[in-house]
Every structure is written in C-alpha cells, then in structure tokens.
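Please work from the sequences and hints to get the whole structure.
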Amino acid sequence: MGEASLAKSLLLALPLWFLVARALPARLPWLARAALGAAAGWAAALAVTLVVPSGLMAYLVSFAIVGSIYAVLALGLNVQWGYTGLFNIGIAAFFALGAFTSALVTTSMPSGAAAAFSQQAFGLGAPFLAGVLAAGAAAGLLALLVGGPTLRLREDYLAIATIGIAELVRLVFQNERWLANGPQPLRGIPQPLACLVRDAGCGWLPAPLAALFDPLAPRDYPYVYLAIATLFVIVVYLVLERAIRSPWGRVLRAVREDEAAAAMVGKNVARVRLQAFVVGAVIMGLGGALYAHYMIAIDYTHFDALYATFLVWVMLMLGGSGNNRGAILGAFALWGVWTGAAFVVDLARPLLAAISSDLPARGPYLRLLLIALLMLFILLYRPKGLIGEERFVSRDSQGQDG
Amino acid sequence: MARALARRAVGPRPSARLRRVLGSRTALVALLALLLLTLWWLAASQGVTGQRLLSLAVRGALLGGILALGAIGLTLIFGVLRIPNFAHGDLMTWGAYLALFGLTLLPAGPPLAPFSFGAELLVLLVLVMPLVGLTGYLLDRLVFRRLRARRAPSVILAMAALGGAFLLRSVIYLGWGADFRNFYTGRPRPAVELFAGIRVRPDQLFILGLALLLIFLVYLLLERTKMGKAMRATADNADLARISGIDTESVIRWTWLIGGGLAGAGGVMFALDTQLRPEMGWWLMLPLFSSVILGTIGHAYGALLGALVIGVVWQMSTAFLNPAYGPGVAFVVLILVLLFRPQGIFGKPGGT
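These protein sequence lines are chains A and B, in that order. For the first sequence, my numbering gives the first residue as 1, with consecutive numbering after it. For the second sequence, my numbering gives the first residue as 1, with consecutive numbering after it.
No wet-lab data here; the hints were simulated from the structure. We put the CB at the ideal spot given by N, CA and C, even for glycine. Fair warning: there could be bad hints in the mix.
According to the in silico footprint, chain A covers these stretches of chain B (three or more CB under 8 Å from chain A) [unchecked claim]:
1. 145-159
2. 162-171
3. 280-286
4. 321-330
5. 335-342
This is the structure we're talking about:
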C-alpha cells in the first residue's frame with residue numbers, strides 16, 4: 001500500500017508541480033521555482049494520496065482526466081473564438097475525427113474470431129504518439145477543407161458550415177461499417193504506458209524507476225493516464241501562451257477586433273483566420289486522441305452536439321474567452337458542475353417522483369436545462385466569464401496605454 | 001496608378017472575369033441543374049428506374065414543402081432581425097411536441113376520410129402556431145432584445161440562439177423523454193396512386209397543400225399589408241427603415257410570430273409525415289440553413305425555392321445513397337453555393 005502510494009503520488013505530482021511553479025512569483029529564478037514547485041507539488045500529491053480514501057481518489061482521478069480532455073478542447077476553441085472570433089459550432093467533427101484517426105492508427109486489424117464482428121478500414125498498430133500526431137493532422141486537414149471556402153465569407157456562414165461538417169462526420173462514422181465498425185463501438189484502443197501497471201513492467205525503463213512503479217496494479221492505470229492527460233494540457237497551454245504573445249498572436253486579435261484595420265496595415269486577414277482555424281482544430285484533434293485512448297472503445301454516439309460542442313462552448317465562456325487559463329478553469333469548473341448536478345438530481349429523485357412518475361428517469365436532462373440557462377446567463381450578465389480576457393498579452397506594451 | 005489605368009483599358013483580369021461568370025445567377029442555376037442530372041445519372045447507372053426517380057422527385061417536393069415552412073421563418077428572422085436563429089429547428093420540434101401534448105387533452109375523433117388524422121389535429125395546428133410564435137418572441141424579449149441593446153455582433157446572437165435551442169430541447173426531454181413518438185399509433189397510412197404509378201400518402205398531399213396555403217398567406221402579408229412592407233424594408237436596410245419611422249418593435253413582434261408560427265406548423269407537419277424525436281429539429285437545421293442561403297438571406301420566395309431544391313436533391317440521393325445521408329447532401333449543396341455564389345440566387349453581386 002505504502003509503495004503504491006509513492007508511485008501514485010509521483011504521477012500526481014506532475015500537474016501540481018506545474019501549478020505551484022506557475023503560482024510562485026516571477027522574480028525568483030526559474031530553477032528555484034522549478035525546484036520549489038517539484039518539492040511542494042510532490043508533498044501535496046503524497047498528502048492527497050495518503051489522506052483521501054482510495055474510492056474517492058479513483059473518482060477524482062477519472063474526473064480530472066475528463067476535465068483535462070475538455071480543457072484541451074476548450075484551449076482549441078479559445079484559439080478560434082477567444083483570440084480570432086471564429087464561430088465554430090462543429091467542435092464534435094474535429095474531436096471525433098481525431099479520436100477515430102488515433103484509434104485506427106494505433107489498433108491492429110482484427111484477426112481470427114474478432115474479424116467476424118469487427119471491421120475497420122485499416123489498423124497500423126502504431127505507437128500512441130503516432131496516433132496523436134495523425135489525429136492532429138487529420139483534424140487540421142478537415143479544418144483546411146471547411147475553412148477554405150467559408151472563412152472568407154460573413155462570419156455566421158462558418159457556424160452553419162461547421163454544424164454541417166459535424167453532422168457529416170457523425171453520419172459517416174455511424175453508417176460506414178468498413179471504416180471504423182460503423183454503429184458498433186471500435187474496441188481495443190491501446191492504453192499508452194500501460195506496461196507501467198503490468199507485472200512484466202516496461203522493458204525500456206531503467207531498473208530503479210521500474211522498481212518504483214512496480215507496486216502499481218492494473219486498476220491503478222488511471223493515475224498513469226492522468227499524468228499523460230495533464231501533460232497534454234500543460235504542453236498545449238505553454239505552446240499557446242507562447243504563440244499568443246508572438247506577433248502572430250497579436251495579428252489574431254487585431255483581426256478579431258477590426259478586420260479592416262488589420263487588412264489596412266497589410267495583414268492577410270483570410271490567411272490569418274484560416275491559420276487560427278486550423279491550429280484550433282489540430283488541438284481539438286489531439287483532444288480526440290486523448291479521449292479515444294482513455295475510453296478504449298468509442299462509437300459515434302460519443303460525439304453528439306451536446307457533449308462534444310455545447311459543453312465546450314459553455315466551458316470557454318464560463319472561464320473567459322480569450323484567456324487560456326480561463327479555458328482550463330472553465331473546463332474543470334463546468335465539468336464539476338455537470339458531474340455535481342448528477343448527484344443533486346439523484347438526491348432530488350423523491351421530489352421529482354412526487355411531481356410526475358416519469359420525471360426521475362428523465363432527471364439527467366435537468367442538467368441540460370441548467371447548463372443552457374447558465375450559458376444564457378453568462379451571455380447576458382457576465383460576458384467576460386470568470387476571469388475575462390487578459391488586457392496585455394505582450395510584456396512590452398504593459399503600462400504604456402490603457 | 002498607371003497599372004490601374006491600363007487595367008481599365010483592357011478590362012478586368014481573366015481570373016476576375018471567370019469568377020464573375022461562375023458567380024452569376026445563371027451559373028448557379030446551371031450548377032444546380034447539373035447536380036440534379038448527376039444524381040439522376042448516378043441513380044440510373046445503378047439500375048434505378050426512371051419512374052422510381054420521378055416518384056422520389058415528387059416526394060422531394062413534398063419534403064421541400066415542409067422544409068419551406070421552416071426556411072421561410074428562418075430567412076425572415078435572419079434577414080429582418082439579423083439573428084442566425086440556431087433555435088429554429090428546435091422551435092419546430094417544440095411545435096410538434098405541443099401538438100402531441102394537445103392530443104392527450106382533446107378527445108380523439110375519427111380519422112378524416114383518406115387522412116390518418118382527425119379534426120383535432122387541425123384544431124391543434126391553429127393553436128400551436130401562435131404558441132410557437134410566442135415562444136420565439138418570449139426568447140427575443142428575454143435574451144435577444146438585451147443583446148441588441150448592447151449592439152452585440154451577430155455571432156453573439158447566434159450563440160444565444162444556440163443556448164435557446166438547448167434550453168427548448170431540455171424542456172422537451174424533461175416533458176416527453178428521448179423516445180420516438182407518433183401522433184397516432186396503429187393507424188394504417190396506405191399510399192395511393194397519384195399519376196403514372198407515383199404513390200404518395202394522402203397525408204403528404206395534405207401537408208403540401210397546407211404548406212402552399214401558408215406560404216400564399218405569407219406572400220399576401222408581405223406584399224399587401226403595411227407590416228409586410230415594413231418587414232421587407234427592415235430586411236433591406238434596418239437603419240434606413242428606423243429613421244423613416246417604421247415601428248421596429250412591432251416589426252420584431254410580427255417577425256417572430258410569423259416565423260415561429262410557420263416553424264410550429266412545419267414541425268407538426270414533419271412529425272405527421274415521419275415521427276417525433278427531440279433531436280428532429282436539430283437535424284433539420286442544416287437543410288434549413290442551406291435552403292435559406294441558397295435562396296438568399298431575407299428572401300422569403302428564395303427560401304421556398306431553396307427548400308424545394310434541397311428537398312428534391314435529398315430525396316433523389318436516396319436512390320443510390322444510404323438515406324441517412326440526406327442532411328449531408330444538403331450540406332454539399334450549401335458548400336457549392338458558398339463556393340460560387342455565397343449571396344444566394346436572388347442576392348446582389350458582392351452582397352455577402
């Protein structure tokens with residue numbers, strides 16, 4: 001037990017390390033921040049693993065994994081909407097395409113008895129990272145195809161076209177059996193680094209490290225995946241923060257604020273918008289890959305407009321469009337509201353039953369009502385979301401105007 | 001400067017000239033005709049008989065009638081109020097479920113001769129239409145009006161409409177669950193021969209007749225009444241309309257009542273033709289928006305024409321494609337229009 005806690009806390013320490021190191025004042029040298037962050041993050045992780053009962057811990061870990069996946073999607077949407085003002089309501093298309101691409105690239109063709117009831121167009125059996133890259137590339141390519149004809153037109157046309165592409169992608173994965181097992185789930189998507197929790201261990205790992213992870217049992221795998229998922233969020237976040245503070249990021253905002261002015265100073269508005277659309281879609285594709293390898297089995301029903309598009313929109317708006325930290329915060333906060341509301345609805349069962357005998361079974365839809373009301377509330381009364389947009393993204397411009 | 005003068009002397013660049021030709025109304029009509037011919041040829045090459053294709057085209061026109069009820073309201077709201085109303089499909093669903101609710105309250109009469117429904121459905125239709133219109137107007141009062149006052153851009157209005165769509169759908173889920181429903185269960189709905197072996201159900205003829213009647217009423221309203229004139233003027237130029245003393249508030253009210261009412265009727269008709277599902281309106285959004293853009297935003301007859309084209313293309317594609325792809329075919333039409341003539345068939349050049 002004790003040794004397993006050590007391994008678990010090491011896996012949990014990664015996101016906490018990052019959080020602490022970011023929270024420390026920027027005056028400190030980065031090495032000191034990293035060291036302090038590592039120490040404090042690991043101490044906190046160890047305390048959490050030792051104190052929180054394992055059942056609750058397993059729940060929290062799976063919550064954080066899904067939260068991280070949504071955070072990646074919200075970060076992708078933030079590039080498109082938050083920074084460039086592109087109205088994409090077909091997140092589901094890029095999410096689904098990423099998920100299915102990564103699944104097809106990493107699984108092997110079904111053989112023997114499985115081939116009789118499971119079909120797929122190809123199965124390369126490639127490693128996880130290859131699947132992730134392919135997912136990003138496929139989603140980016142789709143964005144290029146959709147964005148090309150629509151981004152130069154009025155902004156609401158993009159919304160309609162993205163609804164269309166989301167529908168089309170869903171229809172294809174629902175009806176084409178040969179492609180990814182059609183209406184049946186595509187199963188057996190490999191879990192990355194699963195060898196850490198298996199008895200045999202990872203061959204390539206140095207012996208002392210392997211010994212450290214040895215106590216982990218297969219049911220502890222979510223801890224490993226949480227480390228991977230949070231690493232994704234951190235990397236995407238850092239890359240985006242860097243990009244937004246670059247000249248490219250400033251052009252994005254210029255295009256959003258005043259297209260004509262941006263064109264006047266010689267920026268190719270259409271190309272900039274297409275770039276932002278593709279970058280956002282690539283990130284959504286990565287989120288899809290992350291989702292597929294967590295779920296192990298996926299089918300078209302996972303990618304409907306509610307879960308894959310609407311929730312992500314409310315997340316970004318809740319956290320604050322135009323702010324990457326807001327996107328991450330919104331993702332976790334709304335996912336917390338969404339899962340928490342399930343408990344509340346469960347508690348309210350007797351009350352619902354008193355109103356109508358049909359209502360308890362339909363209770364989960366109360367959550368949808370709640371989220372829709374929340375979205376309208378944010379739009380009307382708090383358009384900035386929880387944190388709102390950062391006023392200055394470039395260090396040089398600070399204190400000069402405004 | 002010199003280059004510009006030289007350009008004027010020799011006329012527009014060849015690429016610009018080509019673009020202008022491709023973007024003309026004639027080219028769009030030719031393109032759509034070509035699309036239909038391609039569909040016909042694809043179906044014929046798979047051994048589908050001409051008679052079956054013809055009957056699919058007739059059924060497409062019937063479907064187009066239903067779509068037109070939704071599309072006309074959508075184009076009016078889009079053109080007059082500048083709201084890309086992503087809640088329009090769900091307003092249609094809302095109308096269908098309101099009628100379903102009404103059926104449980106009213107006594108069920110005997111079916112009216114060849115049709116599968118009784119007089120109670122006609123009564124409900126008359127009740128449901130203003131109710132759906134009021135729902136839309138309520139949404140406007142509570143949400144859109146405040147955003148308009150803030151001069152919010154049209155994407156924010158679109159987002160609010162999306163929120164409204166999910167709000168409506170959650171109410172439908174709570175009230176009726178997620179299952180398929182029918183207005184009437186266990187009533188036979190035989191098809192009758194219309195002409196030349198083309199078979200349709202009497203219900204579908206009723207639907208087409210009702211759609212044509214409602215569209216004619218909208219035509220009268222837009223062309224013959226002062227309110228219709230005000231609406232057209234607002235669609236044309238909202239600011240100019242306001243300074244010429246048009247009562248914007250009543251234009252808004254009437255646009256929602258008419259657009260919502262038509263959507264309600266369309267929803268009831270679509271449900272009568274197929275069945276009720278909470279997601280049915282969401283799935284209709286793509287064909288609806290395609291019709292609206294094909295027929296030019298704010299153009300009621302354009303929307304009717306667009307809906308007929310989309311309906312026919314949708315049905316004819318089922319001759320050789322999985323019928324599930326119908327809305328996807330509408331998407332193909334949309335992309336063609338956006339590529340060649342984004343302002344739609346009746347739009348002015350450079351009008352987007």
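Against the structure, the hints:
no.	hint	result
1	145-159	holds (count 8)
2	162-171	holds (count 8)
3	280-286	holds (count 4)
4	321-330	holds (count 6)
5	335-342	holds (count 4)
Hint violations for this structure: none, all hints satisfied.
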